[in-house]
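Based on the provided sequences and hints, a complete structural model is requested.
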Amino acid sequence: GAVVSQHPSRVICKSGTSVKIECRSLDFQATTMFWYRQFPKKSLMLMATSNEGSKATYEQGVEKDKFLINHASLTLSTLTVTSAHPEDSSFYICSLTTGTTRGAFFGQGTRLTVV
Amino acid sequence: QKEVEQDPGPLSVPEGAIVSLNCTYSNSAFQYFMWYRQYSRKGPELLMYTYSSGNKEDGRFTAQVDKSSKYISLFIRDSQPSDSATYLCAMSSGGSYIPTFGRGTSLIVHP
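Protein sequences, first through last, are from chains A and B.
For the first sequence, my numbering begins at 1 and goes up steadily by one.
For the second sequence, my numbering begins at 1001 and goes up steadily by one.
Derived by calculation from the structure, the hints in this document are not laboratory data.
Any given hint might turn out to be false.
[To be verified] Label pairs and their in silico Cβ distance ranges:
1) A:E22 / B:K1002: 27 to 35 Å
2) A:Q60 / B:G1095: 16 to 24 Å
3) A:S9 / B:P1010: 19 to 27 Å
4) B:P1014 / A:T82: 26 to 34 Å
5) B:S1082 / A:S73: 32 to 40 Å
6) A:G53 / B:G1054: 24 to 32 Å
7) B:Q1080 / A:S83: 40 to 48 Å
8) B:P1111 / A:D65: 48 to 56 Å
9) A:N51 / B:P1111: 41 to 49 Å
10) A:N51 / B:Y1051: 20 to 28 Å
11) A:T113 / B:P1008: 41 to 49 Å
12) A:K42 / B:D1058: 23 to 31 Å
13) A:F39 / B:L1011: 35 to 43 Å
14) B:K1056 / A:T82: 15 to 23 Å
[Unchecked claim] Keeping only pairs whose Cα atoms sit at most 27 Å apart, straight-line, the calculated DSS-like set for lysine-lysine is:
15) A:K14 / B:K1042
16) A:K55 / B:K1070
17) B:K1042 / A:K64
18) B:K1002 / A:K64
19) A:K41 / A:K20
20) A:K42 / B:K1070
21) A:K20 / B:K1042
22) A:K41 / B:K1070
23) A:K42 / A:K66
Cβ atoms here follow ideal geometry from the backbone N, Cα and C, with glycine treated the same way.
Okay, structure coming up:
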């Protein structure tokens, strides 16, 4: 499978500030990566599909101006939570598929706490 | 009705027990079925991947898919405390690489 590195694993920020989360594919060139949000005891919620060299595709109900996604290279996608508020506190996870299997490979996740 | 239903548990079993985890689904287009293990504060890890109906075995883990009943299972033999985690089922159709996830079942294996 693919190795996906996500950073930081945990971040605490003040309300109104922006936070950037990085997702790197260490051994696979990923044209497509995915960003999920997970609430406690809830399933993974797909936020957006990140496409290398083009705009991300956002799921219904996800504010694209709030959650900025940049997929600048085949190995790096970033999610920036802009003007964060306490309700943005959550666990954010990136993933990719290699194409040889329909399974997805996930990063370690980022626990965002907005105070 | 959600596309994928999974009992959140928690499911508590003694060490050495056989664990059965299950999901049901409603979308008959699903052809690819996956199980993930997620430890607390970590990303999910792909455990098993199955295409269409049938069984697949990997060590202590066995995945079963019954498309006629729209029911999938994951069996864990000789369960260990290190198996304590949340197990998520996921599935996708032939035209999509994006899986639909269940909400996960919390498993606790006590010594």
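Q: Find the hints from earlier in the document that the structure breaks and name them by number, from lowest to highest.
A: 4, 6, 11, 13, 14, 16
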